[in-house]
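Participant: Next come the chains, spelled out residue by residue.
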Amino acid sequence: MGKLIYMDNAATTFVDKRVLDAMTPYLTDRCFNPSSIYDGAQDVHADLDNARATIAKTLNASDREIYFTACGTESDNWAIKGVAHANADKGKHLITSKIEHHAVLHSMAALEKEGYEVTYLDVDENGFVSVDALDKAIRPDTVLVSIMYANNEIGTIEPIKEIAEVCHKHNVYFHVDAVQAYAHLPIDVKELGIDMLSASGHKFNAMKGTGFLYIKKGTKIQNFMDGGAQEFKKRAGTENVAGIIGMAKATEIAHSEMKERMEHETKIRDYMIDRILKEIPYSKLNGDRVKRLSNNLNIGFEFIEGESMLLALNDLGVCASSGSACTSGSLDPSHVLLAIGLPHEKAHGSLRLTVSHETTMDDAKLVCDNLPKIVERLRSMSPLYEDFVKKNK
Amino acid sequence: MGKLIYMDNAATTFVDKRVLDAMTPYLTDRCFNPSSIYDGAQDVHADLDNARATIAKTLNASDREIYFTACGTESDNWAIKGVAHANADKGKHLITSKIEHHAVLHSMAALEKEGYEVTYLDVDENGFVSVDALDKAIRPDTVLVSIMYANNEIGTIEPIKEIAEVCHKHNVYFHVDAVQAYAHLPIDVKELGIDMLSASGHKFNAMKGTGFLYIKKGTKIQNFMDGGAQEFKKRAGTENVAGIIGMAKATEIAHSEMKERMEHETKIRDYMIDRILKEIPYSKLNGDRVKRLSNNLNIGFEFIEGESMLLALNDLGVCASSGSACTSGSLDPSHVLLAIGLPHEKAHGSLRLTVSHETTMDDAKLVCDNLPKIVERLRSMSPLYEDFVKKNK
Amino acid sequence: MAYSEKVKDHYTNPRNVGEIENASGVGTVGNAKCGDIMRMYLDIDDKTHIIKDCKFKTFGCGAAVATSSMATEMVKGKTIEEALKVTNKAVMEALDGLPPIKVHCSLLAEEAIHAALWDYAEKHNIKIEGLKKPVNDIEELEEDEF
Amino acid sequence: MAYSEKVKDHYTNPRNVGEIENASGVGTVGNAKCGDIMRMYLDIDDKTHIIKDCKFKTFGCGAAVATSSMATEMVKGKTIEEALKVTNKAVMEALDGLPPIKVHCSLLAEEAIHAALWDYAEKHNIKIEGLKKPVNDIEELEEDEF
Ligand SMILES: Cc1ncc(COP(=O)(O)O)c(C=O)c1O
Ligand SMILES: Cc1ncc(COP(=O)(O)O)c(C=O)c1O
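These protein sequence lines map, in sequence, to chains A, B, C and D.
If you want my numbering, it's the 1-based position in the first sequence plus 1475.
If you want my numbering, it's the 1-based position in the second sequence plus 1475.
If you want my numbering, it's the 1-based position in the third sequence plus 62.
If you want my numbering, it's the 1-based position in the fourth sequence plus 62.
Worth flagging that the hints you see were computed from the coordinates, not collected in a lab.
Heads up, some of the hints might be wrong.
[Said to hold, decoys possible] Estimated spans, in silico, between C-beta atoms of each pair:
| no. | chain 1 | residue 1 | chain 2 | residue 2 | range |
| --- | --- | --- | --- | --- | --- |
| 1 | B | L1479 | D | K151 | 35 to 41 Å |
| 2 | B | K1766 | D | G80 | 40 to 46 Å |
| 3 | C | K109 | B | G1693 | 21 to 27 Å |
| 4 | C | K109 | B | R1539 | 49 to 55 Å |
| 5 | A | K1611 | B | G1590 | 33 to 39 Å |
[Stated by the list, open to error] With a straight-line cut-off of 30 Å between C-alpha atoms, the simulated DSBU-like cross-links for lysine-lysine are:
| no. | chain 1 | residue 1 | chain 2 | residue 2 |
| --- | --- | --- | --- | --- |
| 6 | A | K1708 | A | K1532 |
| 7 | B | K1611 | B | K1695 |
| 8 | A | K1866 | C | K114 |
| 9 | B | K1567 | A | K1868 |
| 10 | C | K194 | C | K140 |
| 11 | C | K194 | A | K1848 |
| 12 | B | K1611 | A | K1588 |
[Stated by the list, open to error] Footprint (simulated), chain B over chain A, 3 or more residues, beta carbon under 8 Å:
| no. | stretch |
| --- | --- |
| 13 | 1602-1610 |
| 14 | 1751-1762 |
| 15 | 1781-1792 |
| 16 | 1848-1860 |
Backbone N, C-alpha and C fix where the C-beta goes; we use that ideal spot for every residue, glycine too.
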């Protein structure tokens, strides 16, 4: 196999060399526990504080509003369960959308088992939540609305500011799963009116096993992990120091290079979308054409199935995904694609390519050059295509 | 400052060079998401499976019984809250001891707020839980007993097998917080009769941000982190691949060198205990003399306070602790030392030194040579010592 | 997917892909909801009941393609009676196993053969000993409740 | 602890450690429960009310030692009236600040001075303007409920 073409950056990203360099001291001679008292440990503690400040600054938040977690999933679980439990006296109704990540949906389902009620908002054919529908769905006993910043499968960017306004009009907490958006586009929690925001380090070139939750000061939220006094007594457990230092470095780099990255990714994304839709019949872009993550393409190819496309791409050294990476292990088609109205066979036939600032135009060309052949070969094997052709003869 | 003498291995350990080497590929060119489908990702998935098998073997468990977590705290929270919630129909009573880590105690306290009842067993002056008292404390509505394998402050090793027998006689789940014991002494979950066991990677030369929970097959336990299909759908969140691979390497090394490590640590520990107790008046060993972790010394020095000792040791380049590292940030004396019956001023005056296989006899000598002077100087500053001397004149 | 080398070989270079014009029997099983649809074409010698040729078309994952491919290989040249003994287990074994969540693909391959044989039997108005009416035909393509 | 350099200097090399024989006033505050006990000895000129000497003994953390040390430095040479103006804030500022959970140590230092002055006033049967009876004397050493 030749060069690896990694187009699965929504599943995870590669650790930046500068991030690894920043981490290394904390995996070698600075392995102290930041809660200890001697100089080395106190230095590490100060480094953690700096990392926190770095992250806070990217969001226009204050340092005490950033809590380190182990991943985006933990951040989502904490935000949703923590607010639901702490505000149960106020009400037991929550609102989310049908296209959230499973970390959100399954946290909601867990609360439903406890007796909470959850409204799952529909989305339109491009994946947008309706601000009006949200407004109507909020009840006197609603305590939390959780809507993602950008969808991990189809890349659609939700109207966060408008949603926040509706939430605050009704005095309801607003949590944003920004796992796919944070460090990929500018986010100002104050300007947008976000109460809680989840992020995950491995989605922006830090290591897996790192994440954070922004919690606006004054938010009533229960602890999720009880124990030691770490994270201002709100999230116990010895800190993943190396990971956190790396995450801060990664976000610093991402923010300083954000504009160029977004431009570069958008160029590649658009080139690929245009070529694929033009050169491959019966193909369609999933998600909005404009309000979408700069690194995300999700294209449905009729009559063929996703996994077989991935395997064919794999043979070319191309890493891609046919839905949410986290749901592999399931045979059901993506709940996101069903929610935007695709029938099952089309939902099964979609391909997600998520590029990065490191993707080259040559990579994009190679994929675009080969995809028509792959689709054609798979269609020639497909009984659905056979039926379609016969019907249209 | 000269050489650093690290005697705070109960707070955290240094990452083994071989562990870092094992991790590095997963932080450079193998940064794949193990849930993805292409070759590189599938290889990483297989590596994770091997890591799981390596860990399972050390406990005489089966692979499917090992679930990766972010730290010991998460393992404790999951075990305790997960079993309590899943078995609430059977009963809402839990039992633990007064000397558990805060990860256990605060999880219990969280359940108390939800309406569960918790019995906190006393310990004797050496820190032992009474098996008889446990037997009597178990009620028809008891669902879980959580007792630590070895205490993180005073090193006392609990009678795990006897406790397990009592639990099983009454058909109650038994969780063991083995964060300080795992990979430091041999543990066979089958032979001991353990239903759940928590461990934390950074306590045995893996990186911070890694841990696991052993859950015996058939144990009724709720998920703690909901989301994707990772960890057999029991613990969601993209795996900390590099950390896990490192943790498996670390435990492999620890188990292959365990006998020599324990012998070496015991020799150093005993040398230090003997010298300190002999050379410093009004000093006393906390915890059992025999049934204690091979790397743990905890000594109470009357009339002086712990932090000032730590600061004086810090000036010598010696890293030590005066209680549980995780409770720093609190002004209360250690709950463990109070539970073994020390009055407050003695609880404040204790020093924990936790050595490792890398501690040399020269390190031990240096500390023993200097400690008498430090204690003497601090006593000369102590109003309690002044009172004591005057009273005994 | 942790696919065996044999599975990889069969989905990368599937054998017997295609249609048979005027096939003796055709069977289609599976549904788009679970993501796999298989169609088998058989060319059967009416006298000897030997399966002279077998082709397939499959919409589905790597395992679906590989099991279809392997199943066609295994029934080709066999009599109907022998072909009935080509169980999903036999297909899986011939492929050096499948990941647990993909076992259903091998069942589908078995079903597809049976469906094609059933079609043959119906067209020729014969009864094939031990063959039951296939149940697993394409279901209505309908959407799940969320 | 994130101690300032000044704090570090004062706990490493504390000034004025010790006792004063036949001190004009002695005050002990704090308790073992919270882990800090401070004792201040004052040598006061009965005529000028100038604090000629000040010594301390402290059982406690680095901040407790440093605040004791700094407080003795700050009251030495001052009159009683001036010494009363040595507040915990002044001590903290002189030390370039303390970590939040250690602020109570500076309060303790202020209290210790006051307690010693109170003792002086009582022994000499005088009233010091603005000085209240110290409340923070050693409590019974008793165990907490778990
Ligand atoms: C006995 C015990 N349990 C639990 C923990 C918590 O482990 P971690 O800090 O990895 O979450 C510790 C470590 O401080 C410990 O010593
Ligand atoms: C939108 C979204 N939320 C949450 C998550 C979960 O993040 P993690 O895998 O880091 O727990 C992901 C990643 O898969 C995601 O894309």
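Participant: Is the hinted range of 33 to 39 Å satisfied by the C-beta distance from A:K1611 to B:G1590?
Facilitator: Once the Cβ atoms are compared, 35 Å apart, the range 33 to 39 Å for B:G1590 and A:K1611 holds.
Participant: Are three or more residues of the stretch 1602-1610 of chain A within 8 Å, CB to CB, of chain B?
Facilitator: violated (count 0)
Participant: With a cut-off of 8 Å between beta carbons, are at least three residues of the stretch 1781-1792 of chain A near chain B?
Facilitator: Per the Cβ count (5), the hint holds.
Participant: Lying within 40 to 46 Å: is that true of the beta-carbon distance B:K1766 to D:G80?
Facilitator: With Cβ atoms ~44 Å apart, the hint holds.
Participant: Holds or violated: are the alpha carbons of A:K1708 and A:K1532 at most 30 Å from each other?
Facilitator: Distance of about 22 Å is within 30 Å: holds.
Participant: Below or equal to 30 Å on CA atoms is what counts here, so check B:K1611 against A:K1588.
Facilitator: violated (34 Å)
Participant: Does the Cβ-Cβ separation between C:K109 and B:G1693 fall within 21 to 27 Å?
Facilitator: violated (58 Å)
Participant: So does B:L1479 sit 35 to 41 Å from D:K151, Cβ to Cβ?
Facilitator: At roughly 37 Å between Cβ atoms, D:K151 and B:L1479 fall inside 35 to 41 Å, so the hint holds.
Participant: Given the hint that C:K194 pairs with C:K140, does the C-alpha gap stay at or below 30 Å?
Facilitator: holds (19 Å)
Participant: When you check the alpha-carbon spacing of C:K194 and A:K1848, does it fall within 30 Å?
Facilitator: violated (39 Å)
Participant: Could you grab the alpha-carbon distance between B:K1611 and B:K1695 and see if it respects the 30 Å cut-off?
Facilitator: Distance of about 24 Å is within 30 Å: holds.
Participant: Holds or violated: 49 to 55 Å for the Cβ distance of C:K109 and B:R1539?
Facilitator: This hint holds: roughly 54 Å between Cβ atoms.
Checked against the numbered hints above, the structure violates hints 3, 9, 11, 12, 13, 14 and 16; every other hint is satisfied.
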